Amino acid sequence: MTKLAKPKAGYTRRALLRTGGAALAASALPAPMLWAQDTKDIVLRQFGTGVSNLNDVANKVKEDLGFTLEMTALDSDSVTQRAATQPDSFDIADIEYWICKKVWPTGNLQAMDTSRIANYDKIVGIFRDGKLTPESEIAQGTAPHTVGFVDGPGGTTFADSETGWMTLIPTIYNADTLGIRPDLIGRPIRNWSELLNPEFQGKASILDISSIGIMDMAMVCESMGEITYGDKGNMTREEIDQTMAIFTEAKRNGQFRAFWKTFDESVNLMASGEVVIQSMWSPAITAVKSRGIPCVYQPLEEGYRSWGGGIGLSNSLSGMELDAAYDYINWYLSGWVGGYLMRQGYYSAVPETSKAFMSENEWGYWFEGKEATDVITSPGGDALAQAGDVRDGGSFYDRMGAVACWNAVMDENQYMVRKWNEFIAA
Amino acid sequence: MAPQGVRPGGVLSPGAPPAQTDGKKQKGRAHMSTNRHVLGWLQAAPLAAILLAFLIAPIVMIVIVSFWGATEFSIYPAFQFDNYEFLFGSPVTYRVFLATFKYALITWALTLVIGFTVAYFLAFHVRSLTMQVALFLICTIPFWTSNIIRMISWIPFLGRNGIANQTLISWGVIDEPLEWLLYSDFSVLLAFVHLYTLFMVVPIFNTMMRIDKSLLEAARDAGASGFQTLVHIIIPLTKPGIMIGTIFVVTLVMGDFITVRFMSGSQRANVGRLISNDIGLLQYPSAAATAVVLLCTVLIVIAILLRFVNIRKEL
Numbered sequence: 001m002t003k004l005a006k007p008k009a010g011y012t013r014r015a016l017l018r019t020g021g022a023a024l025a026a027s028a029l030p031a032p033m034l035w036a037q038d039t040k041d042i043v044l045r046q047f048g049t050g051v052s053n054l055n056d057v058a059n060k061v062k063e064d065l066g067f068t069l070e071m072t073a074l075d076s077d078s079v080t081q082r083a084a085t086q087p088d089s090f091d092i093a094d095i096e097y098w099i100c101k102k103v104w105p106t107g108n109l110q111a112m113d114t115s116r117i118a119n120y121d122k123i124v125g126i127f128r129d130g131k132l133t134p135e136s137e138i139a140q141g142t143a144p145h146t147v148g149f150v151d152g153p154g155g156t157t158f159a160d161s162e163t164g165w166m167t168l169i170p171t172i173y174n175a176d177t178l179g180i181r182p183d184l185i186g187r188p189i190r191n192w193s194e195l196l197n198p199e200f201q202g203k204a205s206i207l208d209i210s211s212i213g214i215m216d217m218a219m220v221c222e223s224m225g226e227i228t229y230g231d232k233g234n235m236t237r238e239e240i241d242q243t244m245a246i247f248t249e250a251k252r253n254g255q256f257r258a259f260w261k262t263f264d265e266s267v268n269l270m271a272s273g274e275v276v277i278q279s280m281w282s283p284a285i286t287a288v289k290s291r292g293i294p295c296v297y298q299p300l301e302e303g304y305r306s307w308g309g310g311i312g313l314s315n316s317l318s319g320m321e322l323d324a325a326y327d328y329i330n331w332y333l334s335g336w337v338g339g340y341l342m343r344q345g346y347y348s349a350v351p352e353t354s355k356a357f358m359s360e361n362e363w364g365y366w367f368e369g370k371e372a373t374d375v376i377t378s379p380g381g382d383a384l385a386q387a388g389d390v391r392d393g394g395s396f397y398d399r400m401g402a403v404a405c406w407n408a409v410m411d412e413n414q415y416m417v418r419k420w421n422e423f424i425a426a
Numbered sequence: 001m002a003p004q005g006v007r008p009g010g011v012l013s014p015g016a017p018p019a020q021t022d023g024k025k026q027k028g029r030a031h032m033s034t035n036r037h038v039l040g041w042l043q044a045a046p047l048a049a050i051l052l053a054f055l056i057a058p059i060v061m062i063v064i065v066s067f068w069g070a071t072e073f074s075i076y077p078a079f080q081f082d083n084y085e086f087l088f089g090s091p092v093t094y095r096v097f098l099a100t101f102k103y104a105l106i107t108w109a110l111t112l113v114i115g116f117t118v119a120y121f122l123a124f125h126v127r128s129l130t131m132q133v134a135l136f137l138i139c140t141i142p143f144w145t146s147n148i149i150r151m152i153s154w155i156p157f158l159g160r161n162g163i164a165n166q167t168l169i170s171w172g173v174i175d176e177p178l179e180w181l182l183y184s185d186f187s188v189l190l191a192f193v194h195l196y197t198l199f200m201v202v203p204i205f206n207t208m209m210r211i212d213k214s215l216l217e218a219a220r221d222a223g224a225s226g227f228q229t230l231v232h233i234i235i236p237l238t239k240p241g242i243m244i245g246t247i248f249v250v251t252l253v254m255g256d257f258i259t260v261r262f263m264s265g266s267q268r269a270n271v272g273r274l275i276s277n278d279i280g281l282l283q284y285p286s287a288a289a290t291a292v293v294l295l296c297t298v299l300i301v302i303a304i305l306l307r308f309v310n311i312r313k314e315l
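Order-wise, the sequence lines are chains G and Y. Its first residue numbered 1, the first sequence is counted upward by one per residue in UniProt numbering. Its first residue numbered 1, the second sequence is counted upward by one per residue in UniProt numbering.
One or more of the hints may lead you astray.
One-sided and incomplete, this derived list gives chain Y residues near chain G with beta-carbon spacing under 7 angstroms [stated by the list, open to error]:
(1) Gly159
(2) Arg160
(3) Asn161
(4) Tyr183
(5) Leu282
Ranges between beta-carbon positions, derived for each pair [stated by the list, open to error]:
(6) G/Arg252 - Y/Met61: 32 to 38 angstroms
(7) G/Asp75 - Y/Leu39: 48 to 54 angstroms
(8) Y/Ala78 - G/Asp75: 26 to 32 angstroms
(9) G/Gly164 - Y/Gly69: 37 to 43 angstroms
(10) G/Ala245 - Y/Cys296: 30 to 36 angstroms
(11) G/Asp75 - Y/Lys102: 48 to 54 angstroms
(12) Y/Ile304 - G/Glu238: 42 to 48 angstroms
(13) Y/Ala49 - G/Phe263: 40 to 46 angstroms
(14) G/Lys60 - Y/Pro58: 30 to 36 angstroms
(15) G/Asp88 - Y/Gly69: 21 to 27 angstroms
(16) Y/Trp41 - G/Thr262: 49 to 55 angstroms
Hints are computed from structural coordinates only; laboratory data are not their basis. Please read these numbers as outputs of a predicted model, since none were measured by experiment. Note that CB positions come from ideal geometry on N, CA and C, so glycine has one too.
Please model the entire structure based on the sequences and the hints provided.
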């Protein structure tokens, strides 16, 4: 609907006059002028979760590439629904890999030709053959490479290896763990099971987003030794029941202070001291720290719960808009966005290009896990770390190398969702 | 929301034509009466159309969808009882409905006592009309800002390290912060009472203002004590106001989800939360089924309430 209303590459009377005037004025260069005019009128509609839907990115795209990028931020469930049911409402879908697993079979996205991606060869191994380093073991759950490739432009089933046709171009990913308030806990925390430790009764929290919360729960139950999962990313009904039973009991015993659903809530819970241990996302830790409150993104022995996002192209993209979309992807991987995201604690799919957009100190702190040599600031300018501080969890390879499972969508998802609703209401 | 809409719909009967009077002219009488008949229908038509489009149709839609099925990201037409089966088969449902009634009952009792007292003070103790109006307006000041903001501002106040706890500790009343102040039934009820007391004050104040003052004087002359006047004169005459306030508060509390979510930190649930969770997880048919059951419950409650007082007669 909006598509019709928008002058995309439109030759309006005004545009023609303008171009005509320009052509008259500089008749030696009519073609490039025309091209510039067209690019300027292109509008690409991107939607996705709030993580990477940043206005700064849209502004920079306008500045560097000339066309307009319209951003819409939604929660994961709405993103999934929209990608699956309203293919004409977007040009670019910024989604997570587990969402891709759900959405790809609908045929609403088109595979991307990797030969048109300039930095394809530099993309981290996790997104190509699944291995960060040749020795790495592949974690449970929806690992990105398992849903990263299809056999050809029209392929609807995922391929086992690199085929030259990618479903999503990886953009942003991270390894999540529990956030803690070291000042209020006062002892080392080493395991996921601490979340349900009665010591923290009334001071723990978990996130109320079923698809992610269930994975955190699984990490906890496994760490407690209560359940051994065949695959945490694809539980059976019995495993779901057992997991929910353990957490429902904990909830009734008053283990949790609150559940959080939005990023801000998690920050407030932690900063106010209502909660001392909880599931958390990296930038939330950053936000708490920037208020001058100690907060640690605690590395745990069982490893991290990881997630990855990427950009997918709508099946209806073609011609000049498709070209613009490829330009956008190449620009995305060329470093500026990567640097921007890495300064928030995320990782870029092509870290080496981001390096050029970060200071040596920033690169050392965020990526290499070195001591900061100077103050580390967020893109917004808040001080996040002082000289001498080290990133929680260490270097990129330490953190991404210790991933225990990936965010996933299960075969029993429907059942899990109902059980989750019961848990929240219990 | 729906139950509130039902009330005016039930009270006004849109189809009724104006009462016919005997026309003096015999000629064309039949014609006249048809005309009046049509006119009556036409007059009622706009309201009927609005109610049909914005009240009846959505409810019918919800009822239909409640029998549909859902996949992970879509819903498909069907006629199955799965949603109801799951709803009535889960012990959580009963617990949640019970909690909803509990919230409604306690909130009702508290808002009634507070609301009645405030209205009584305004109506009978404050003598000048200007003063009454001024004080009444003061009551509405909190309503100048949004519901959510009024609710959320309790959170830093009641928190573990919040103003309430810090004050109590500094006074030496308590040694440890009170945990139950926030994210508990207490905070939920506090917010409800805070948010909805005015809905009790307004109708009660309104009916009290219409009580003929000479009745009170007569009671006094007849030797009734203040308490007897209250019980035998004021309360019976204020019943319609109490009932309207009750309907407001009960339907608001039973339909609420956001207060429970924020003030309990998602640790407590009522039926509204159940519905909003389902919607968040794209389980629309299941949400619709729960909504239908809630709607029926609320309608039954209101029907029972209306048995006590004939609001139509009193208004």
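Tested hints:
For Y/Gly159, the shortest C-beta to C-beta distance to chain G is roughly 5 angstroms, which falls under 7 angstroms, so the interface hint holds. For Y/Arg160, the suggested interface contact is upheld, since its CB lies about 5 angstroms from the closest CB of chain G, less than 7 angstroms. Proximity of Y/Asn161 to chain G holds as hinted, the smallest CB-CB distance being about 5 angstroms (cut-off 7 angstroms). Evaluation of the Y/Tyr183 hint against chain G yields a held restraint, the C-beta minimum of about 5 angstroms falling below 7 angstroms.
Because the closest C-beta pair between Y/Leu282 and chain G is about 5 angstroms apart, less than 7 angstroms, the hint holds. The hint said 32 to 38 angstroms for the Cβ distance between G/Arg252 and Y/Met61, and at roughly 37 angstroms that hint holds. Distance hint check for G/Asp75 and Y/Leu39: the Cβ-Cβ separation is about 52 angstroms, which falls inside the suggested range of 48 to 54 angstroms. Distance hint check for Y/Ala78 and G/Asp75: the Cβ-Cβ separation is about 27 angstroms, which falls inside the suggested range of 26 to 32 angstroms.
For G/Gly164 paired with Y/Gly69, a C-beta distance near 39 angstroms keeps the hint of 37 to 43 angstroms intact. Take G/Ala245 and Y/Cys296: their Cβ atoms lie about 31 angstroms apart, and the range 30 to 36 angstroms holds. Checked against the hint of 48 to 54 angstroms, the C-beta distance between G/Asp75 and Y/Lys102 comes to roughly 30 angstroms, which is inconsistent with it. Between Y/Ile304 and G/Glu238 the C-beta distance comes to about 44 angstroms, which sits within the given range of 42 to 48 angstroms.
Between Y/Ala49 and G/Phe263 the CB atoms are about 44 angstroms apart, so this pair conforms to the stated range of 40 to 46 angstroms. Take G/Lys60 and Y/Pro58: their Cβ atoms lie about 44 angstroms apart, and the range 30 to 36 angstroms is violated. Here the CB-CB span from G/Asp88 to Y/Gly69 is close to 25 angstroms, well matched to the stated 21 to 27 angstroms. A hinted range of 49 to 55 angstroms holds for the C-beta pair Y/Trp41 and G/Thr262, which are about 50 angstroms apart.
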